[in-house]
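Colleague: Which chain is which? The protein sequence lines are A and B, in order. Residue numbers for the first sequence follow the working numbering, so the first one is 1 and each next one is one higher. Residue numbers for the second sequence follow the working numbering, so the first one is 296 and each next one is one higher.
No wet-lab data here; the hints were simulated from the structure. One or more hints might be untrue.
To be verified - Within a straight-line C-alpha distance of at most 30 Å, the following computed DSBU-like cross-link-like pairs (lysine-lysine) qualify:
hint : chain 1 : residue 1 : chain 2 : residue 2
1    : A       : Lys188    : B       : Lys418
2    : B       : Lys778    : A       : Lys289
3    : B       : Lys778    : B       : Lys704
4    : B       : Lys504    : B       : Lys418
5    : B       : Lys778    : B       : Lys681
6    : B       : Lys681    : B       : Lys704
Unchecked claim - Chain B residues, not near chain A, derived (Cβ > 10 Å throughout):
hint : residue
7    : Arg300
8    : Ser409
9    : Arg490
10   : Lys504
11   : Glu521
12   : Gly567
13   : Arg611
14   : Gly612
15   : Thr614
16   : Val631
17   : Ala675
18   : Ala740
19   : Asp751
20   : Thr789
21   : Thr790
22   : Leu805
It should be emphasised that the depicted structure is a prediction, and the values quoted were computed from it without experimental measurement. Ideal Cβ positions, reconstructed from N, Cα and C, are used throughout, including at glycine.
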Amino acid sequence: MFEFEVPEVDYTQYSNRQLVAVPLVVLALSLAVIGGWWAVTGAPVDRGIDFTGGTELTIGTNATLTNEEIEATFDEPVVSVQGITTTSESTYENQYVVTFDNSANVSSVRSAAQSAEELTLLGSGTTSPLFGGQNQRLAVIGVGVAFVGMSLLAFAFFRTFVPSIAIVISAFSDIMIPLAIMNLLGIKLSLGIVAALLMLIGYSVDSDILLNNHVLRRSGGFYESTYRAMRTGVTMTLTSIAAMTVMAVAATLFGIGLMADIGLILVLGLTADLMNTYLLNVTLLRWYKYEGVNR
Amino acid sequence: MSTLRDNWRVVLLVVLLLTSAIALFVPGVPPGTSADGPADESGPAASESEQLTNLNYGIQLSGGTRLRAPIVGITAENVNVTQADSSQLEQTVADELDLDTIDVRVRPVTSERSAGAVEVVTKDVTHQELRTALENNGYQPTTVRDGVTPETRQEMVEAVDEKLRTSALSGASVQVVNVPGGQHFVSITAPDRDREELVDLLNERGTVKIYAVYPGGENGSFVREEVLKRSQMSDISAADREGVGWAVYITVSSDAADEFSQRMVDAGFGDGAPCGNYNHSDIQQTTAGGSADPALANDEPGCLVHTLNGEVVTARGVTPGLGESFASGEFANDPVYVMQTGSSDNPAETASEIELNLRAGQLPAPLDLSEDSGSSLDPALAERFKQNSLLTGLLAVLAVSLVVYVRYKRVEVVVPMVVTALSEVFILLGFVAFVQYPLNLSHLAGFIAVIGTGVDDLIIIADEILQQGEVETGRVFQSRFRKAFWVIGAAAATTIMAMSPLMVLPLGDLSGFAIITIVGVLIGVLVTRPAYGDILRHLVLDED
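Could you put together the complete structure from these sequences and hints?
Modeller: This is how it looks when you write it as C-alpha cells:
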C-alpha cells in the first residue's frame, strides 16, 4: 500500500516573485480564456439548457442506432445525442440523452419519441427561455452574493488587509480556473455547476482560513506554522478530491449528469485550490509577516 | 452520572442518532404519514418504495412529472370599479373584446383590495386592446401588465389542488413559485404520471352543461337553452342507487330552485317529456323536421341534454311526476336533479367524470404550457438513479476512508472519523424524513458535500489534538479542541454564507441542495464534530 505523508516544502529556496508567478500566470490564462470566450461567443461560458432554454429527452432502445438515426426521428433540430452507459440491470440496452434547443416544443418531441417504434421515452426535462433567463439572472446574483458575503466574513475573521485579501483572491481564482477549463472541454454551464461553484467557495476558504489561522494566530515560526497548516490542509483537500473524483467517475458512468458535473468541477477547483493556497496565499502571508507588518 | 455529564457531546450525538432512526424507520412518526403506510392513499408503486423508510422521494428519484408554467393572462391595474359595477363591467369588456365572460375577471375595490383590477385570461388580447376597452367604458387603468392578480393565482392553486385530489393522484402537489421581478409560475408535481396524463388532466377545462332542447325556434327548429349552471348547484355527488343505476345527484341551491322550475315549465316540460328519438350526434337537433330521418318530432316536448366539453353524454326525458313538481313549484322543496348515466358505455366512469368536472370545475385561467419548465421521468429509470446515486455516495465515502487511513494509519482515529461523518448523514436523513422533504438528485449531492466538509473538519480536529504526540491532561485537550473549533466554526460560517443565497432564490433543485448543505453543516458543527473530539480524547488518553 502506498504511503503518504505531506512533504515539507522548503519555501525559503524561492523568492516571493517566483512563488506567486505560477498561480498568477494560471489565473491570467484562465481569465484570458474566459475573456476571449466572452468576446467571441457573447457569454463568458457556454450556457446549457438550464439557462438558454431547451429540452432534453432520455430515451431507451434495444436496437443499435447511430446518432444520425436518432436525430432523424425528430423534426426539430437536435443539438446533441449523448449515450449513457447501461448496466445489465437496465431495461434497455442503450440509453441516450437527446438535447434540443429552445425552438423545440416539449410536447411534440415527446410524442415523436413515443411514436417511434424502436424508442421508448424514459424522461424529459425542459426549460423555457423565459425561465432560463430568470435562472441566469438568479445564478449570477447568487454567486455574487455568496462571494461578497464570503469576502466580508474573511475580513471580519482576520481584520487585516493582506491575509483577508489573500483568501478572496484565491477563492476567485479557484472559481475562474474550472470555468476556463470547462470552456476548453466544451462543458456547458448547468445549475449543478453553479451549485458546485458555490460549494467550491466553501471548500476553498476552509484551507485558507486554516493556513491564516496557523500563521497569524499561533505561536511558532512562519515556516513551522505553515508546515503544520499544510499537513492538515493538504490532507483535507486530498480527501475531498478523492471523494469528488469517485463521484465524478461513477456518476458519469451511471449517466447522472448533475452529480457528474458537480464532481468534475470540484475536482478541478480543489486542485486549483491546492496551488492557490500553498503558492499564492502562503507567499502573500510570508510577505505580510516579514515585510508588510513593519511598514 | 458524571461520566454522562463529561461526555455530553457523545450523549447528544447518540440521542440524535436514535431520534433519527425513529424518524426514518418507524412508520407514522413524521407528521403527515400514517402508521398503516404512506401518507395519502398512494398507488401501489409509491407504497412499495416507501415501505422501508419514511423518506419521501422527488420525481428525479421516484419518477413522475413536474410542470412549471406561468398563468396565461394580462391585468389592468388601478381600475376604479366598485363591487356593484363589477359584473356589468365584466360583461361589457367581454363583449367589446369578443370573449366569453369566463375569460374576463373584474376585481373590484373591496376592504381587502385598495385598488381594483381587470384581468383577461386568454392569449388573444393585447395590452392595448384591454386598455382601450376599459377606457371606452370610462375607466383609466394606470398600467396593463402580463400576469394575473394574486387572487387568481390563489384560486388557480385551489382549483388545481382540487383537480389533483379528486382525480386520485397520490402525493401530487401544487404551489406558486415567485421569481424576483414579478414573475409567477405555477409548479405542479405529480408522481407516477407522465407529462401527457398530467397535462390532459389540467387541460380538461371540464365544462359540464345542462341544456333543455325543445321545439319553438324559427322555422320549426329547436331551441337549446342552458337551464342549470354550475353556480346554481350546491351539492354534487355520483352514486349507484338501487332502481336508478349510476347517476350524478345535483342539489340545486335553494335560491335558484324556483327559477329552475319556472324555466323548465316555460320550456314545455310541465307535463313530462319522453325524449324518445334524440339524435345524439346533433345537439341542436337541426335535422328534425326536414331530414329523412327525423330526430325529435316537432310536437314532442323536448329533452334535457347533458354535455361534457361540448359532447353529449346523455339525453333524458322528464317523467310526468317530475314535470308536475316543476309546474306546482314542489320541486323547490327537494331540489335534487338526477343526471342518470345508464345509457353511456361505462355508467360508473361517466358519472364520476361528470362529478369530478362539476366539482373541480375549470381552472380559473389556462396555464401557458409553451413556457413550461418541467421534467418527467420514468419510474424505472428513477429507481436506477436512486440505487446508482446511493452506490456513488458509498464509493465516495470509501475513497475518503481510504485516504484518511493511509494518512493516519491508526484505526482508532480513522474508524471514528468515518463513523462520525456517516452519522452526520444519518441524522440529516432523519431530519429530511421528519420534515417529509422530497429527496432529489441535488439533495444527494448535498449529502456528499456534507460528508466532504465533515471529514475536512474532523481532520482539523484530529491533527490539532494529535499534534506532537500525547495529550497529557484534559485541560490541554480542551485548549486544543477550542483552537480547532475556531477554524471549524469560521469555515462553517463561510459555507453557510456561500449557500444562503441559493436557499432564498427560487433556483429549482438548488434550493434543496443549499438547505441540505446548511442543515448538515449546522448538525456537524453543533453536534457530531464536537462529539468526535470527545471520542478521540478517550481513545488517546486511554493509551497513556
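Colleague: Next step is simple, just say for each hint if it's right about the structure.
Modeller: Here's how the hints hold up against the structure:
no. : hint                : verdict
1   : A:Lys188 / B:Lys418 : violated, 34 Å
2   : B:Lys778 / A:Lys289 : holds, 21 Å
3   : B:Lys778 / B:Lys704 : holds, 24 Å
4   : B:Lys504 / B:Lys418 : holds, 24 Å
5   : B:Lys778 / B:Lys681 : violated, 40 Å
6   : B:Lys681 / B:Lys704 : violated, 34 Å
7   : Arg300              : holds, 30 Å
8   : Ser409              : holds, 29 Å
9   : Arg490              : violated, 6 Å
10  : Lys504              : holds, 28 Å
11  : Glu521              : holds, 33 Å
12  : Gly567              : holds, 48 Å
13  : Arg611              : holds, 38 Å
14  : Gly612              : holds, 42 Å
15  : Thr614              : holds, 47 Å
16  : Val631              : holds, 42 Å
17  : Ala675              : violated, 6 Å
18  : Ala740              : violated, 5 Å
19  : Asp751              : violated, 4 Å
20  : Thr789              : violated, 4 Å
21  : Thr790              : violated, 4 Å
22  : Leu805              : violated, 5 Å
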